[in-house]
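A.B. asks: Protein chains in written order, with my numbering: chain A, 1 to 304; chain B, 305 to 406.
Keep in mind the hints are simulated off the structure, nothing from the lab.
Think about it this way: if two alpha-carbon atoms lie no more than 27 angstroms apart in a straight line, the pair counts; the simulated DSS-like pairs of lysine-lysine are:
1) B:K368 <-> A:K144
2) B:K381 <-> B:K356
3) B:K336 <-> A:K32
All values reported here derive from a predicted model rather than from experimental measurement.
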Amino acid sequence: MYDIAIIGSGPAGLSAAVYAKRAELNAIVIEKEYMGTGQIAESSRVDNYLGLYGESGFDLGEKFRRHAENVGTEFTEAEIVEILPQKESFLLKAADGQEISARAIIYAAGTTHRQLGIKGESEFLSNGISFCAVCDGAFYSEKKAAVIGGGDTALSDALYLSAIAEKVYILHRRESFRASAALQKAVKDTANIECIPNAVPTEFIGGKKLEAVKYLRDGKESCLPVDGVFLAVGRIPNSGLLKDIVCMDKNGYILADENGITSAEGIFAAGDVRTKTLRQVITAAADGANCVESARIFLSEKRS
Amino acid sequence: MSVRANADNFEEEIKKGVVIADFYSDSCVPCKRMSPLLAEIEEENDDVKLVKVNVNFESSLSEKYEVQAVPTLIFFKDGAETDRIRGAAKKAEILEIINKLR
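Here chain A stands alone, though its shape is the one from the complex (with noise of 0.2 angstroms):
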């Protein structure tokens, strides 16, 4: 039995695996991806975490996995798929059978990108549709590419795309984008960037390869030819594990302050599927800590 499961290994649990090290806490980081750091290693460059200006998101994710290993942090590979609470402590169930019982649990499997949830896009997700502009983007060297979505994510990946592609749309549902100003005045003085405003995809249609993608713009059908997609739709939180456990805004983010306490005794969340205004390396780095500081006291409370 351990004293604390964390489920996570991106800054948030990472933090709390140091931070329960040093409680000499008896905790277990619970990590779905080979070597995983979360979200963080997808940032091609940090530069506002505190001592480390100019780190890849990569580089930066290795030195906190290095840091929780080195003061000694036990880890697994596994996918959580069910969380048993029993009396004084939760039973963890993994995909590949393995069983962890903790008395406390320190809930940071972070976000996931958003899908659109239309026809065709799991046919051709990682076959013409990719979340990862600087992945995949060579495969449409002067081809054309479109990127949905309207916020940073969604104008940087077709600024980069812009370089290698044709030609780039850029798909989104509103009249106007969200992403900051420098951004958006980048794109307007792209040459071979088009934006399609209003316009919501409906369809992804193609034989082998991807082909089109539908939208519907003023009540209209159109058919965009294109030969990649690039989603950048935002994000949604790795939460459901705890529905009916927890309680969570109407977004499916967990409702907790910064000390991570849940509306569940035992159960603490920390990172980017916590509610919070702002989601960084630096905020769940602190929650990491924090969640650790709660359930040491929680803990120490069950025990006297």
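Could you slot chain B onto chain A? The hints should help.
C.D. replies: What follows is chain B alone, placed relative to chain A:
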């Protein structure tokens, strides 16, 4: 040791035995994570050859094998494609395919 392949030597490199072709790009995080894992698999399995294809430079090979996402692993047995994994894969998943091809 893995072989770096290009359009000129790829067919030759995959011709014999069990080959894993790793289509990757330097900027892709799952590719970075997979890389040591694949090297380990090659190291531990004498009869498995690892062929690396950097998609940023080998667009004709990506085109020919219809690769549209990285990482993509294509498994060959004596030159013929048998299996394909798109996206990051677990070691057990890769070993299962290798064992099937033996």
